[in-house]
Amino acid sequence: VLHVTRPLHTTQQSLAPLPPLPEKGGEVRHGLIPEEFFQFLYPKTGVTGPYMLGTGLLLYLLSKEIYVVNHESIAAICILSVIIYGVKRFGSDVAAFADKLNEEKVAKASAVKNKAIKDLETAIEMEKKEQWRVEGRGYLFDAKRNNVAMVLETNYRERLLMVYNEVKKRLDYQVAMQNLKRQKEQDHMIQWVEKNVIQSITPQQQKESIAKCILDLKALSKSAQAAV
Amino acid sequence: MAGRRAALKAIDWVAFAERVPPNQRAMFNALKTRSDALSARLAALPEKPPTIDWAHYKAAVAKAGMVDEFQSKFSALKVPEPKDTQTAKIDAQEAEAAKSTAEYVQASKARIAQYEQQLQKLKSMIPFEQMTLEDLHEAFPETKLDKEKYPFWPHKPIADL
Numbered sequence: 001v002l003h004v005t006r007p008l009h010t011t012q013q014s015l016a017p018l019p020p021l022p023e024k025g026g027e028v029r030h031g032l033i034p035e036e037f038f039q040f041l042y043p044k045t046g047v048t049g050p051y052m053l054g055t056g057l058l059l060y061l062l063s064k065e066i067y068v069v070n071h072e073s074i075a076a077i078c079i080l081s082v083i084i085y086g087v088k089r090f091g092s093d094v095a096a097f098a099d100k101l102n103e104e105k106v107a108k109a110s111a112v113k114n115k116a117i118k119d120l121e122t123a124i125e126m127e128k129k130e131q132w133r134v135e136g137r138g139y140l141f142d143a144k145r146n147n148v149a150m151v152l153e154t155n156y157r158e159r160l161l162m163v164y165n166e167v168k169k170r171l172d173y174q175v176a177m178q179n180l181k182r183q184k185e186q187d188h189m190i191q192w193v194e195k196n197v198i199q200s201i202t203p204q205q206q207k208e209s210i211a212k213c214i215l216d217l218k219a220l221s222k223s224a225q226a227a228v
Numbered sequence: 001m002a003g004r005r006a007a008l009k010a011i012d013w014v015a016f017a018e019r020v021p022p023n024q025r026a027m028f029n030a031l032k033t034r035s036d037a038l039s040a041r042l043a044a045l046p047e048k049p050p051t052i053d054w055a056h057y058k059a060a061v062a063k064a065g066m067v068d069e070f071q072s073k074f075s076a077l078k079v080p081e082p083k084d085t086q087t088a089k090i091d092a093q094e095a096e097a098a099k100s101t102a103e104y105v106q107a108s109k110a111r112i113a114q115y116e117q118q119l120q121k122l123k124s125m126i127p128f129e130q131m132t133l134e135d136l137h138e139a140f141p142e143t144k145l146d147k148e149k150y151p152f153w154p155h156k157p158i159a160d161l
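Residue numbers (full-length UniProt numbering), protein chains in the order written: chain A, 1 to 228; chain B, 1 to 161.
Warning: the hint list may mix true and false statements.
Unchecked claim - Below, computed lysine to any residue pairings styled on SDA-like, alpha-carbon distance capped at 20 angstroms: (1) K113(A) - E103(B); (2) K207(A) - A219(A); (3) K129(A) - K121(B); (4) K123(B) - V112(A); (5) K63(B) - Q183(A); (6) K118(A) - R111(B); (7) K48(B) - E166(A).
These are computed hints drawn from the structure, not numbers from a lab.
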């Protein structure tokens, strides 16, 4: 009867992590007898020791009838042989299967852990990148200030240009006006002179000039005929 | 003239573009196009308007004092510079941004510290082959079965199986 008040698993030793599972199970010889037994007898009796011991013991038990052979013995022989056959044939497969089950559990857990680690690392990367991004805010404000300065400068230059254009327009207008007036006066005077000249040609002068023209033409035609 | 040429700082648009997060790219493009349009307009205008040839006009225009009057008025004219109302606002915005940035960086650093802590915990865990079930519950508290809330097996809602 175990007194439940007695504390268990409180020493330092029980808090340590477990040792890892052994890589391979215990070795057996002939499917039943552990290898440790053979190793135990090896220093004293060598390799054949356990076999001699087994055979001698068996013969002694049988011959002295300490072990009586009866129907159960046959059953025992059959069962033992089947067991040994089973262990030898299927032992490694069963062991591999059990290992695989364990492997899968461990792999699942490891996958979760690795993913968590990777996610955390990516998150840290992203945070650092965001910090770096934020440092570039100076660019934004510089750009804004530049824009403002450009607008002001453009405005000022436009104003200067406008002043210049207006003054030039007015001066050009004056000059153009003068030129136009000059031209109109000239044209008018020419027309007036022509009109007066035409008026002053009397009908008498006209007849005289026509007669002179005809005479000239006759003279010219005579000379022309001679040339041809 | 002194206030006029507030020096246009050369902006490295490439470096600026690198730092823009993808969700603000549209705003950045709008800003860039606006800046480019403004600088194109500025480059199209000459710095000083061409000077007026007073001698030519003095010879050409018949009216006596007109050109002289124009000339005197023109040289006396001072074009007022446009007032700068926005730079102060921009500076205020920048100060505010600096403050909010500092807060954000602070929060970000706290988050990084948290992540680092968790990372440390995960990395220094004992390998699964050497864990008992209690060790697993310690490392990943969410695997622990709540025996008070669900006193009967399987100690979690059936839907979670």
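Here's how the hints hold up against the structure:
no., hint, in the structure
1, K113(A) - E103(B), "32 angstroms, violated"
2, K207(A) - A219(A), "19 angstroms, holds"
3, K129(A) - K121(B), "24 angstroms, violated"
4, K123(B) - V112(A), "13 angstroms, holds"
5, K63(B) - Q183(A), "18 angstroms, holds"
6, K118(A) - R111(B), "16 angstroms, holds"
7, K48(B) - E166(A), "15 angstroms, holds"
The structure is inconsistent with the numbered hints 1 and 3, although it conforms to all the rest.
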